[in-house]
Amino acid sequence: MYSAQITRANPTCIVLLLDQSGSMSDPFSGDASNKKSDFVAEVVNHTLHDLVIRCTKTEEVRNYYYISIIGYGRSVGPAFSGPLSSRGMVPISEVADFPLQVKNSYKRVSDGAGSWVEIPVRFPVWIHPTAEGKTPMCEALSLVKSTLETWLAAHPRGFPPTVLHLTDGESSDGDPDYVGRQIMSLKTDDGNVLLFNCHISAQHRQKIEYPGEDISLPDGFARTLFQISSRLPQSFLAAAAQLGVQALDGSRGFVFNGDPSSIVQFYEIGTSLTGMTPYRWMDDRTETA
Amino acid sequence: MTSPVIITSPQLQVRTFLLPKRAHTAVECEDAIGINELHHRFALADGATEAFDARNWAQRLALNWVQTRTTLSLPGFSEWLAAEGRSLHDSWNELKLPWYSEEKARGGSFAAFVGVELEPAFDGWQWRAIILGDSCLFHCRQHTLLKKLPLTKSADFGSNPVLAASHPSVQATTFEHVVVDGGVMKPGDQLLLLTDGVAAWYLLLDETGDFETRSVFARVLRDEDNAALTQLFESERSTGRLKNDDIAIISLEV
Numbered sequence: 426m427y428s429a430q431i432t433r434a435n436p437t438c439i440v441l442l443l444d445q446s447g448s449m450s451d452p453f454s455g456d457a458s459n460k461k462s463d464f465v466a467e468v469v470n471h472t473l474h475d476l477v478i479r480c481t482k483t484e485e486v487r488n489y490y491y492i493s494i495i496g497y498g499r500s501v502g503p504a505f506s507g508p509l510s511s512r513g514m515v516p517i518s519e520v521a522d523f524p525l526q527v528k529n530s531y532k533r534v535s536d537g538a539g540s541w542v543e544i545p546v547r548f549p550v551w552i553h554p555t556a557e558g559k560t561p562m563c564e565a566l567s568l569v570k571s572t573l574e575t576w577l578a579a580h581p582r583g584f585p586p587t588v589l590h591l592t593d594g595e596s597s598d599g600d601p602d603y604v605g606r607q608i609m610s611l612k613t614d615d616g617n618v619l620l621f622n623c624h625i626s627a628q629h630r631q632k633i634e635y636p637g638e639d640i641s642l643p644d645g646f647a648r649t650l651f652q653i654s655s656r657l658p659q660s661f662l663a664a665a666a667q668l669g670v671q672a673l674d675g676s677r678g679f680v681f682n683g684d685p686s687s688i689v690q691f692y693e694i695g696t697s698l699t700g701m702t703p704y705r706w707m708d709d710r711t712e713t714a
Numbered sequence: 004m005t006s007p008v009i010i011t012s013p014q015l016q017v018r019t020f021l022l023p024k025r026a027h028t029a030v031e032c033e034d035a036i037g038i039n040e041l042h043h044r045f046a047l048a049d050g051a052t053e054a055f056d057a058r059n060w061a062q063r064l065a066l067n068w069v070q071t072r073t074t075l076s077l078p079g080f081s082e083w084l085a086a087e088g089r090s091l092h093d094s095w096n097e098l099k100l101p102w103y104s105e106e107k108a109r110g111g112s113f114a115a116f117v118g119v120e121l122e123p124a125f126d127g128w129q130w131r132a133i134i135l136g137d138s139c140l141f142h143c144r145q146h147t148l149l150k151k152l153p154l155t156k157s158a159d160f161g162s163n164p165v166l167a168a169s170h171p172s173v174q175a176t177t178f179e180h181v182v183v184d185g186g187v188m189k190p191g192d193q194l195l196l197l198t199d200g201v202a203a204w205y206l207l208l209d210e211t212g213d214f215e216t217r218s219v220f221a222r223v224l225r226d227e228d229n230a231a232l233t234q235l236f237e238s239e240r241s242t243g244r245l246k247n248d249d250i251a252i253i254s255l256e257v
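Here the protein sequences line up with chains V and Z, keeping their order.
The working numbering applies: residue 426 is where the first sequence begins, and numbers increase by one.
The working numbering applies: residue 4 is where the second sequence begins, and numbers increase by one.
So here's chain Z without its partners, still in its complex pose:
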């Protein structure tokens, strides 16, 4: 008779950070973060600035996805997204809107989305992610980026990414762009979930070998020193290396 295998995963450190565009208030921030520590589900969504009700759509995606047990597969994701889109559009039916809001609502809303689920594994955590749009997931081991999803270069970030749409007639055309991937986090590893502006900046640091700034970023993020993190990003925005965009970060560290 063999003894049952007991998996004891190293502790997971979860840190989050949210910062609106310069000269914008927190309630205007269109990035959203969802956390479910019980089921180890984490999500980011980035509402498209030009879309209708983008903040609400991003919040629904991030907050609701982590509360579901939807499988991390394309069929599961597409079914869940369709239901969320219907729910969002139903909520608009109750509003009395001016002509321009009606017209804007006709196109639906859009957001980038990245969701990740962790499961205990031997001496680490197994992760599985689902991504649509230009919000990113990076698997970091010391100074190496083991995985960069879905974009791999700072130059890849354009102004017209394919995003998670709320409108059913648009959704079908976007699903071929969904990325599903996974891996195993070992002790010392970090998963970074980043919305597009800060993701492009992080890749730029990697491409230019600016490990000093990356170390500062890692330290203040680990210390949960939000004032220092805000100062760092304001400084990087001033140099033009970081686009003036909303910033959302989830850091999962073993």
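Extracted from the complex, chain V is given alone in its bound form:
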């Protein structure tokens, strides 16, 4: 299981499910200028950049992945900004060709002879930070479920879809347990859909990353998210190990009270798929020129 080769004939899909409720405009603890929604948008843009680069073959982007971004807050629906807005599932080649904008920066790199040189780098943007309204998590998960059912009907044999859900609070429209389990019961010939959840906190609370059991979780909401988080397959565990993250056989794709570094690692591990080396985009961060 979770070993199907990802090819153009047999692609996989990745769903980025984003909490865009009003509380996402709060800053992370200790840094008033660092809003959660800003940081999440930056991580998502870098994740999409990484996925595009992985699929780039010289001047062509091959459709190994299909991408869906679903946001929930004031409304529930596709969350791409710009030319792809309103698109529910987008082949990675179109993600590559239709960013909202491409920012230009410079990066200092070694020239291999003991000196440093500045080289131009490109930072495309696909989503803007959004933070409005309540937290209709159940409605959003239902949209994820119907999106995946359509995808799976057309792609029954590929590497199973991965859903990376990021939230900072409890659902405002009911218990997500039932619909979460329904998503986890969907499958291809290669395994069940992978649903991973990352809860982030603006407070300095003890973070819990990739637990194997729910006994250390602080409340019912945490236990619910744990129960609707898939176990990490071996290739994802290997990616976690490369990032220095403690995850063992049986660990769930689940983070509670995560901080900014948890978010970065959550997306790096969650998009590692068939054992690809995680792309450490944080190493590339520079000031925009």
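Hints in this document: simulated from the structure, not taken from any laboratory.
Just so you know, even glycine gets a beta-carbon here, dropped at the ideal spot from N, CA and C.
Errors might be hidden in some of the hints.
[Said to hold, decoys possible] Listing some non-contacts, in silico: residues in chain Z with all C-beta distances to chain V over 10 Å:
1. 26
2. 158
3. 235
[Claimed, not checked] With a cut-off of at most 16 Å between alpha-carbon atoms, the simulated EDC-like pairs for lysine to aspartate or glutamate come out as follows:
4. Z:99 x V:522
5. Z:99 x V:484
6. V:532 x Z:105
7. V:632 x V:684
8. V:559 x V:639
9. Z:189 x Z:256
10. Z:99 x V:485
11. Z:150 x Z:192
12. V:482 x Z:105
13. V:482 x Z:256
14. V:632 x V:593
15. Z:151 x Z:192
16. V:528 x Z:256
17. V:482 x Z:31
Once you have looked at the hints, place chain Z on chain V.
Chain Z in isolation, oriented as in the chain V frame:
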């Protein structure tokens, strides 16, 4: 007065085979083969699927190395590789690329490489090889693998081998992984140069004692029966024993 020693080496049989991944076309194959029969130089390169312009880099390495007289030593190889990397990156400067290609090109290209040079020796051929990455060279004598370079077990093949990089800032960190070795081929011996997928499969046959499949492989390779060889590999891919990867083979047989 003594007579000059005249070395008459047995004839060398050279066979090659190239097969793209299943569901891929020949122009998408990122393995490359270089042959220079005049100077007895032979090379394989396997462009890294995730790298930029991997097919071009692999072809440059395999085709250009056999045409040089670069010594089979680390200093000679590193100097040659640096020049090839500069030439590749210069060729990209002429292209007008979309943002993602520019970003991908920034990391350079990568390929596994194995090159071998033969010299006539008394009753055989002396070989010397230089290897970087997970493309392999096996020295076979009847049913025995005398040398397995650089990997010795099918389980050793991972997804992150150290490869020949085109980017100068990366090259320096890879040279400690270069393997230089040599030996002497006697009549009946075979040198097999294989890219990673088929090399792992060949080692698996050895580990599991599947000499029957190995004999079939040896026979159809010797007969240059490419249709039968393709059929064998398709069958092995279906069983999962052979990874669905590009395949490049050079067989040098005395």
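Hinted pair residue 559 of chain V and residue 639 of chain V, Cα distance within 16 Å: 27 Å, violated
Pair hint residue 189 of chain Z and residue 256 of chain Z, alpha-carbon separation not exceeding 16 Å: 9 Å, holds
Reported absence of residue 235 of chain Z from the contact zone with chain V (all CB gaps over 10 Å): 20 Å, holds
Given hint residue 192 of chain Z paired with residue 151 of chain Z - CA-CA distance at most 16 Å: 14 Å, holds
16 Å limit on alpha-carbon distance, applied to hinted pair residue 482 of chain V and residue 31 of chain Z: Holds: residue 482 of chain V and residue 31 of chain Z sit about 10 Å apart, inside 16 Å.
16 Å limit on alpha-carbon distance, applied to hinted pair residue 632 of chain V and residue 593 of chain V: 13 Å, holds
Hinted pair residue 528 of chain V and residue 256 of chain Z, Cα distance within 16 Å: 56 Å, violated
Given pair status - residue 256 of chain Z, residue 482 of chain V, alpha carbons within 16 Å: 36 Å, violated
Pair hint residue 632 of chain V and residue 684 of chain V, alpha-carbon separation not exceeding 16 Å: 8 Å, holds
Satisfaction of hint between residue 522 of chain V and residue 99 of chain Z, Cα-Cα up to 16 Å: With a Cα-Cα distance of about 15 Å, the restraint between residue 99 of chain Z and residue 522 of chain V holds, given a limit of 16 Å.
Whether residue 26 of chain Z stays farther than 10 Å from all C-beta atoms of chain V, as the label says: 5 Å, violated
10 Å Cβ clearance of residue 158 of chain Z from chain V: For residue 158 of chain Z, whose nearest Cβ neighbour in chain V is about 15 Å away, the distance exceeds 10 Å, so it holds.
Of the numbered hints stated above, those contradicted by the structure are hints 1, 8, 13 and 16, listed in ascending order.
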